[in-house]
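*Asks:* Single-letter residue listing:
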Amino acid sequence: MGFSNFYKPLFALAFLAFAFTPAFSQGSITGKVMDEDTSEPLIGATILVKGTTTGTITDLDGSFTLQGIDAGTQAIIISFIGYQEMEQEVDVRNGQTANLGQILVPSSSIGLAEVQVISSVAVARETPVAVSTLKAEQIESKIGSQEFPEILKSTPGVYATKSGGGFGDGRINVRGFDSQNVAVLINGVPVNDMENGRVYWSNWAGLTDATSIMQVQRGLGAARVAVPSIGGTINIISKASDMDKGGYVYAGAGNDAYSKIGFGISSGLSDNGWAFSLSGAKTQGNGYVDGTEFLSYSYYATIAKRFSSKHEVTLTAIGAKQEHGQRQDQSLLSEYEQSPRGIRYNPDWGYKNGQLTHIEDNFYHKPQISLNHYWTISPSAQLSTAVYASYGTGGGGGTGGDNKFNNSDYRVDGLVDLDRIVRENQAEYDFGAVSFLRASRNDHKWYGMLSSFTKDFDNGLSLLAGLDLRYYKGEHFQEVTDLLGAAYYLDDNDINNPINAAKVGDKFNYYNDGIVNWTGGFLQLEYSDGESFSGFVTVNASNTGYDRIDYFNNLDSDPNQRVGTFNFFGYGAKGGLNYNLNENHNIFANIGYFEKAPGFDAVFPNFNNENINADAENQKITSYELGYGWRTANFAANINVYRTLWADRTFTDGFRGPDGEEFTANILGVNALHQGVELDARWKLSRDFSVTGMLSIGDWTWENDLEGVGIILDGAQIDEVDVFIAGLHVGDAAQTTAALGINYQLMPDLRFNIDYNYYDRLYANFDPTSRSDESVRGVEAWQLPDFGIFDVNVTYDLTIAGMKASLYGNVYNLANEKYVMDAQDGSNHDAYTSRVYYGYGRTWNLGLKLRF
Amino acid sequence: MKYFNIVFAVFAVILIQACNPMDDILEDLEISNTVVADLDLTLTEDDYGLVGLSFPNFGSDDEAKTLIPDILTEKYPQFGEGSSALVTYDIYSPVRINDEYMDTVRTEDYEALGFTYGNLDGVNDIVDVIEYKFPDAGERDVVTLTYEWYCGGCPDQGTRTSKIANYDGSWYVSYVPTSEDYAFMGQSFPNFDSRTTARERIAYVLSDRYPFAEAGDIRTAVFTYTYVPDGGSRQFEDFLVVFEYDGSSWVPFQDVVSQTLQLGHDGSAWVPDNTIKYNMTGDDFAWVAAEFGDRNPDGASSADRYGNFDLTLWSNDQILEAVGELLLDLFPAVEGQKYLVSYATWEPGAGTGELHVIYEGGSYVEVR
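Heads up: the sequence lines are chains A and S, in that order.
Using UniProt numbering, the final residue of the first sequence is 852, and nothing's skipped along the way.
Using UniProt numbering, the final residue of the second sequence is 368, and nothing's skipped along the way.
Bear in mind the hints are in silico, worked out from the structure with no lab data behind them.
One should not assume that every hint holds.
Said to hold, decoys possible - Computed from the model, here is a short list of chain A residues facing chain S with C-beta under 7 Å:
#1 Leu333
#2 Asp402
#3 Gly654
#4 Phe689
#5 Thr692
#6 Leu695
#7 Ser770
#8 Gln824
#9 His829
#10 Ala831
Glycine included, every Cβ here is placed at the ideal spot set by N, Cα and C.
Whole structure, please, built from the sequences with the hints as guidance.
*Replies:* Pasting the structure below:
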């Protein structure tokens, strides 16, 4: 019997069944599900006809269509993780389609909408900036053991690496700018270091479990407060207390003895308006790189109270107490090849008396506590205020005294022979340490207030006014952590205690406080016609006051021990427009200019209170951007072009006058131009298969040479400065990045992601101001080989003992590609003299989350 | 399910990875598989055998300098460029009398040399006489001279016989044991039948008799050595011993002398090299910072603070200048002396640097 013969009757039957369908009198329902606060489409929300098993999920633009629904009054139930369940009635008529239009679904998190206003979260098709947004579910399934910023690696303009490979040592560059020039905001609170602008991700290990939204706004971004967003702004919104009672436990394991256990509980909103959430995790492991063992306890807590419909208060605490071994020193390719440990080689550890000892390590704990108050003064006026405090304690370990640690004579199989250093210390006739271990401490206290008042007018205009106050005091000193067999270390750097026989825990070398006072304000005018046009204009101004107390270089009796405040004024203005051509197409543009105050070290270049560079110059940033968005049910794409001119990058140089007096010259004109095009797209080919893609091509170069710039003192030229960088590519971040992702739902409960990330035109890092010799004119830094990495992610949803559970499996760098991600340019500007960090080889991670 | 094929294809692509450009770079890495070591060794009998010597010593310093690199290469093929070796070896350089002369200074000799009193009154006079009477006498010759000796305050006035030996171009009036001396040295007869015993015991007598010498002073002794050759009758002959004062006692030269030679591996072979390795300490950087405050203020304050050369602030020439001046401050300047100085750097990122310098014409220059 032939195949077709057997099936013929079946087809006939099916046809008959189909033909008779209209007889039952049915219709269709369509609609579009959106977030009530941000108007973002909710992709993948479940739509169910009440009392039936008929349902569907929403498309890329939040739209859905239900067909073959019995005529009559029906109710549909809309549900989505993180949102309140909604029920909506609809009248279905025979042969017609009932359009529900936009269905706005409120978040189930208390205070989430409000905090998004404080933190200037960008809204698609409304805020005119280039933006990529990641939600909690994506982070949850893919983060595994990755560094937190790596979760953004498939978004345009971003280059994220693990740096040395230590826990929390990852870094992220946006549009070719490093972390000092990328603003990071957690719930609207800026967390870039107040003195040097850097971001230390290890402080924020808790965010892995506590992030609800992570958004990269490239370029000027939407932040209203003055932030160093030359490259962009990373906006992280933590999870808020949930309306519903529940919780989870998590256990994970991975390569190199990685393990993580965690929990989270939510009380749900009580009748009297209280809600709290608490989560915590313990993460530990040996690290992929040798000598990078780590242990971290992270926690996150939030308590919310609704007093009335007008007042809502949330108290949030986030922190992670961690310690981890570091790979601080980059090595030559030949050193990795010669090491039996290959790309895992780390020169910064050894064995002391049989015990693994980190020479370079990091230990830190920086809880941040924030009290937010949201006051709805009237339907058209709101006041949101966040008062926050953060206390950092810890520092980085390293070496003190004579540097035997980097000396090849003191290495056995590439490891530091600490026992020999101990023996030599013990052989000293005066029992003092020649070489020892120390920590450079950087304790700080940071208090701030961020307040934003919004007034909406009837004609679509809104006015926002805000205040940004910060006080920061950083305490910097070195302390002895391990004398390596000696009894003390004799230090003569403390003028108040010139014979300082420092023992473990004692300060030595330097001890000073840096104090930063920040006063900022902004004014923003927004317009939205509620449909096609929206725009904004913002001006902000800030004053940065730097003060310094030096306990070692100045006598206690010296009034100059505290030097007094030096003020630097910065300001900025930006504006943008978004126009939605129709429901599929939108275009936007923005333009801005701002001046950024120089960093603390530029003002105190010699680490003392004597030679102060009170005339340090602002850096000047001009940026504009044009973008286009296209969104249909099955396809969404964004493309934008940008151009950012970074002028007068801080460049100070020390000179001596004719009488030997020291002074600092501020040299202007070190400029960089970063321009490029960024594209990202998502294509849903079927209900269970979609493809994501990204392409980002940058053209980031240093603009011009400085030739024979005269250093003039009292009308006489005393020196000349040259910098030869014109046309050189900016290093440290891949100028071409591309990503391709495949998301495949093999079964309703089993999802696959394969992500491919490609990097090219990556130049080794170099300090442009060190290019002072004419022989290097036009010589590019070493261009690293291009490379591509495959990551695979599997998520399986299941039920265990009546509880919903998810199993996450991740393999990173599946093909075990050998590649260099971080390099410092070498003397010959080639592969052989540059110092590098290799990226990780193949690693894996498996996690199980049980929800109750 | 059609998309399953796409997913499958992607996996296939991953597993059939295209060539990795990193591999080409690594292939071109010139990694020497040799090891760097600082050896300190004394040659053994087997070592001399490696270069075909049947005795465990060299005939001369020149022979040692020629053959030691061969021994090291043979014995330690694994050590390469940057290695150093301090080799202790033996040289067979016995002190033996070349020719013996004997004469008495006569009246006409005194007159010819202008010694108007007909006697000699100082060691210089004795040397004058020898050079006059034995113009052909030279290295390791011994002259037995009888002469009139009048030296105010000296013992042995009058007619005296001395044995004068030439060592290393200079004439020395040798110590010659008397019969009493031989007895004192435990000999039944006025001679020695063991040269080793003779050297030891004469050294003792010299230390007793001439305790106020200065290190480096040379003295000679001539004793009577007796032996019976195979199938012959007993022989008596003069035997020369040379002593050098080492600061506390007189040390006889043995037939075999220990020497040391410093060698370095230049990448292809071991070559005699006096390079001294030196690592810059924190104090050294403080010294450099103090000296270079004017010439390189940024670099100086960085060197002082971090104990390294920040390569963005220090050019190679400036480092050479700093290292050269530091060496002049630390060590006596010796023409031709080489130093291999290693120092910490900041590139940025911690690293190390090395400079191989030689003292030439008043300053340290890089060895190339």
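*Asks:* Indicate, hint by hint, whether the structure satisfies it.
*Replies:* Structure-based check of each hint:
1. Checking A/Leu333 against chain S: minimum C-beta separation of about 6 Å stays under 7 Å; hint holds.
2. The closest approach between the C-beta of A/Asp402 and any C-beta of chain S is roughly 4 Å, which is under the 7 Å cut-off, so the hint is satisfied.
3. Because the smallest distance between the Cβ of A/Gly654 and any Cβ of chain S comes to about 4 Å, under 7 Å, the interface hint for this residue holds.
4. At its closest, the beta carbon of A/Phe689 sits 4 Å from a beta carbon of chain S; the interface hint therefore holds under the 7 Å criterion.
5. A distance limit of 7 Å between C-beta atoms decides the matter here; for A/Thr692 the minimum to chain S is near 13 Å, and the interface restraint is violated.
6. At about 18 Å, the closest approach between the beta carbon of A/Leu695 and any beta carbon in chain S exceeds 7 Å, and the interface hint on this residue is violated.
7. The beta carbon of A/Ser770 is positioned within 7 Å of a beta carbon in chain S (closest approach about 4 Å), and the interface hint is therefore held.
8. With 7 Å as the threshold, the beta carbon of A/Gln824 comes within range of chain S, its nearest partner Cβ sitting at about 5 Å, so the hint holds.
9. The interface hint given for A/His829 is violated, since its Cβ lies 13 Å from the closest Cβ of chain S, which is over the 7 Å cut-off.
10. The beta carbon of A/Ala831 is positioned within 7 Å of a beta carbon in chain S (closest approach about 5 Å), and the interface hint is therefore held.
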